[in-house]
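K.L.:
Next come the chains, spelled out residue by residue.
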Amino acid sequence: MTVESPLDPAAARYRKVVPAGTYWIGVVRKGETFRIVDLEGNQAVDTLFYNADDPAEHYSASDTIREQRNIYLGAGTVLMSDLCRPLLSITADTCGRHDTLGGACSTESNTVRYALEKKTMHACRDSFLLAVAENDHYGLSKRDIAHNINFFMNVPVTPDGRLEFADGVSAPGKYVEMVAEMNVIVLISNCPQLNNPCNAYNPTPIEVVIWSAAS
Amino acid sequence: MTTLISSDTLPAGKHWSLVMWRNNRLKLTDLEGGANVGMLFFNPLNLLERYNAPDTLKCQHTFKLTSGHCLYSDMGRIVCSIVADSFGWHDTVCGNTTKASTARKWGETSYQANRNDWQQNGHDSFLVEAAKYGLGRRDLPANVNWFSKVVVADDGTLSLDQSAAKAGASVELRFEMDTLVLLHTCPHPLNASPSYPRKPVRYEILEGPPAAKDDPNRLSAPENLRGFENNRIYQAGCCAGGHR
Numbered sequence: 073m074t075v076e077s078p079l080d081p082a083a084a085r086y087r088k089v090v091p092a093g094t095y096w097i098g099v100v101r102k103g104e105t106f107r108i109v110d111l112e113g114n115q116a117v118d119t120l121f122y123n124a125d126d127p128a129e130h131y132s133a134s135d136t137i138r139e140q141r142n143i144y145l146g147a148g149t150v151l152m153s154d155l156c157r158p159l160l161s162i163t164a165d166t167c168g169r170h171d172t173l174g175g176a177c178s179t180e181s182n183t184v185r186y187a188l189e190k191k192t193m194h195a196c197r198d199s200f201l202l203a204v205a206e207n208d209h210y211g212l213s214k215r216d217i218a219h220n221i222n223f224f225m226n227v228p229v230t231p232d233g234r235l236e237f238a239d240g241v242s243a244p245g246k247y248v249e250m251v252a253e254m255n256v257i258v259l260i261s262n263c264p265q266l267n268n269p270c271n272a273y274n275p276t277p278i279e280v281v282i283w284s285a286a287s
Numbered sequence: 002m003t004t005l006i007s008s009d010t011l012p013a014g015k016h017w018s019l020v021m022w023r024n025n026r027l028k029l030t031d032l033e034g035g036a037n038v039g040m041l042f043f044n045p046l047n048l049l050e051r052y053n054a055p056d057t058l059k060c061q062h063t064f065k066l067t068s069g070h071c072l073y074s075d076m077g078r079i080v081c082s083i084v085a086d087s088f089g090w091h092d093t094v095c096g097n098t099t100k101a102s103t104a105r106k107w108g109e110t111s112y113q114a115n116r117n118d119w120q121q122n123g124h125d126s127f128l129v130e131a132a133k134y135g136l137g138r139r140d141l142p143a144n145v146n147w148f149s150k151v152v153v154a155d156d157g158t159l160s161l162d163q164s165a166a167k168a169g170a171s172v173e174l175r176f177e178m179d180t181l182v183l184l185h186t187c188p189h190p191l192n193a194s195p196s197y198p199r200k201p202v203r204y205e206i207l208e209g210p211p212a213a214k215d216d217p218n219r220l221s222a223p224e225n226l227r228g229f230e231n232n233r234i235y236q237a238g239c240c241a242g243g244h245r
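The listed protein sequences derive, respectively, from chains A and B. Under this note's numbering, the residue at position 186 of the first sequence is numbered 258, and the numbers go up by one with no gaps. Under this note's numbering, the residue at position 184 of the second sequence is numbered 185, and the numbers go up by one with no gaps.
One or more of the hints may lead you astray.
[Claimed, not checked] In silico EDC-like links for lysine to aspartate or glutamate, alpha-carbon gap of 20 Å or less:
{"id": "1", "chain 1": "A", "residue 1": "Lys88", "chain 2": "A", "residue 2": "Asp232"}
{"id": "2", "chain 1": "A", "residue 1": "Lys191", "chain 2": "B", "residue 2": "Glu230"}
{"id": "3", "chain 1": "B", "residue 1": "Lys106", "chain 2": "A", "residue 2": "Glu279"}
{"id": "4", "chain 1": "B", "residue 1": "Lys28", "chain 2": "B", "residue 2": "Asp86"}
{"id": "5", "chain 1": "B", "residue 1": "Lys133", "chain 2": "B", "residue 2": "Glu208"}
{"id": "6", "chain 1": "B", "residue 1": "Lys106", "chain 2": "B", "residue 2": "Asp162"}
{"id": "7", "chain 1": "A", "residue 1": "Lys190", "chain 2": "B", "residue 2": "Glu230"}
{"id": "8", "chain 1": "A", "residue 1": "Lys102", "chain 2": "A", "residue 2": "Glu253"}
{"id": "9", "chain 1": "A", "residue 1": "Lys190", "chain 2": "B", "residue 2": "Glu224"}
{"id": "10", "chain 1": "B", "residue 1": "Lys167", "chain 2": "A", "residue 2": "Asp232"}
{"id": "11", "chain 1": "A", "residue 1": "Lys191", "chain 2": "B", "residue 2": "Glu224"}
{"id": "12", "chain 1": "A", "residue 1": "Lys88", "chain 2": "A", "residue 2": "Glu279"}
{"id": "13", "chain 1": "B", "residue 1": "Lys100", "chain 2": "A", "residue 2": "Glu139"}
{"id": "14", "chain 1": "A", "residue 1": "Lys214", "chain 2": "A", "residue 2": "Asp198"}
{"id": "15", "chain 1": "B", "residue 1": "Lys15", "chain 2": "B", "residue 2": "Asp118"}
{"id": "16", "chain 1": "B", "residue 1": "Lys100", "chain 2": "B", "residue 2": "Asp125"}
{"id": "17", "chain 1": "B", "residue 1": "Lys106", "chain 2": "B", "residue 2": "Asp86"}
No lab work stands behind these hints: they were computed from the structure.
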């Protein structure tokens, strides 16, 4: 299901293009709307959320999929915390399906998935760790790097229990938009993966957009 | 050939923790059918290294866990191998029951009124066991739910197939590195039984041989061959966090 947003980016309070292989961390206040735009298509946007007033409370993939009884995220999904409380609600989505089973790439998992010699290639978990190290005022550390969302990724499960990494369902300009149900810290690694056909081996920039609650 | 070190039966709704040395085995048996065992794994030498369900699933292209699969840490190493499994399909994405969900589904209980028959939940169970090692709620990743078959429909709908319950079903893990194991026997969070299910679980801790060169888990996928190589380098003491 796809749902378009009525919001105009020209009226946003914040806009930022985030290149692949870098991170973005920031606070979205309760009632504000947060959008991620897949500028060039099929880009994996590894994303985590925290309660800005108590960052020990973090996004929980398990709580989110269990409470909605569905593994796919899309319009209508409520993103839940480890305390089973709503962090944000997805209100618009022109892509149609997002993954939260596949987690983030890391240098260590790259050795297993691709080759031992890939251990020094840039990976999402390195971006997450640099983000929390360079922004220590949030009080986050490796402990808080929970299982994330992969916006714009399509990871179906087959009837016999296999996990597939299917071709992307995203395209240039597709976006996902959510309203914050509490003050949240957003932590994004715009995925640098060069070994996976899901992004055509070509990591590309995204844009983050925030609208104030009043708009 | 394996040798029994210790065994016992855990009633439903309980929690426990133990350290398993490398090459020892943990065999679980669902005595009556319909049990659930929630389980988490940490490296006792570096508690920041822990079981990672997404890495485990994606590197083996699987949603279910069964024999032949390896369970991975977030550091690219194999925590344990599933060396035998007569159940066939275990869950690692649904998480735990909570105090609130248990009360909603099966009613309020308290220790004061119900003593050890209170309806303990999986989330609180892990909090208690984790705290024994200085870990808290920030440290609890997605756990395994042994003996719970969770299936996914075409549209992504998740459900627990309770018809898969099998009395006497067992699963056996061989640990590939020294591992802190946290576990509970609380119901699966999608269990739809009208009353709090009370299914006991037998555990056996066994001493056995290490993975051979032609071990089925090692050869089950090229990814696992590389995972075992990461463990070999780690055990040799020349990889981050390694030791002899």
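K.L.:
Each hint: holds or not?
P.N.:
Structure-based check of each hint:
Distance check on the hinted pair: A:Lys88 and A:Asp232 sit about 42 Å apart at the alpha-carbon level, beyond 20 Å; violated. The straight-line distance between the Cα atoms of A:Lys191 and B:Glu230 is roughly 13 Å, inside the 20 Å bound, and the hint therefore holds. Distance check on the hinted pair: B:Lys106 and A:Glu279 sit about 42 Å apart at the alpha-carbon level, beyond 20 Å; violated. Proposed proximity of B:Lys28 and B:Asp86 is supported: the alpha carbons are some 9 Å apart, at most 20 Å.
Of the pairs offered as hints, the one joining B:Lys133 and B:Glu208 is violated, with about 25 Å between alpha carbons and a cut-off of 20 Å exceeded. With a CA separation close to 18 Å, the supplied pair B:Lys106 and B:Asp162 stays within the 20 Å bound. Of the supplied pair hints, the one linking A:Lys190 and B:Glu230 holds, its CA atoms being roughly 14 Å apart against a limit of 20 Å. For the suggested pair A:Lys102 and A:Glu253, the alpha carbons sit about 5 Å apart, so the restraint of at most 20 Å is met.
Restraint check for A:Lys190 and B:Glu224: satisfied, since their Cα atoms lie roughly 13 Å apart, inside the 20 Å limit. The suggested pairing of B:Lys167 with A:Asp232 holds, with an alpha-carbon distance near 19 Å, which does not exceed 20 Å. Distance hint between A:Lys191 and B:Glu224 is fulfilled; the C-alpha atoms sit about 14 Å from each other, no more than 20 Å. A distance of roughly 6 Å separates the Cα atoms of A:Lys88 and A:Glu279; the hinted pair therefore holds under the 20 Å criterion.
For the hint pairing B:Lys100 with A:Glu139, the CA-to-CA distance comes to about 15 Å; that is within 20 Å, so the pair holds. Restraint check for A:Lys214 and A:Asp198: the C-alpha separation of about 10 Å stays at or below 20 Å, so the hint holds. With a C-alpha separation of about 10 Å, the suggested pair B:Lys15 and B:Asp118 falls inside the 20 Å cut-off, and the hint holds. Proposed proximity of B:Lys100 and B:Asp125 is supported: the alpha carbons are some 7 Å apart, at most 20 Å.
Only pairs whose Cα atoms come within 20 Å are accepted, and B:Lys106 paired with B:Asp86 is rejected, the gap being roughly 30 Å.
Violation of the numbered hints given earlier is confined to hints 1, 3, 5 and 17; the remaining hints are satisfied by the structure.
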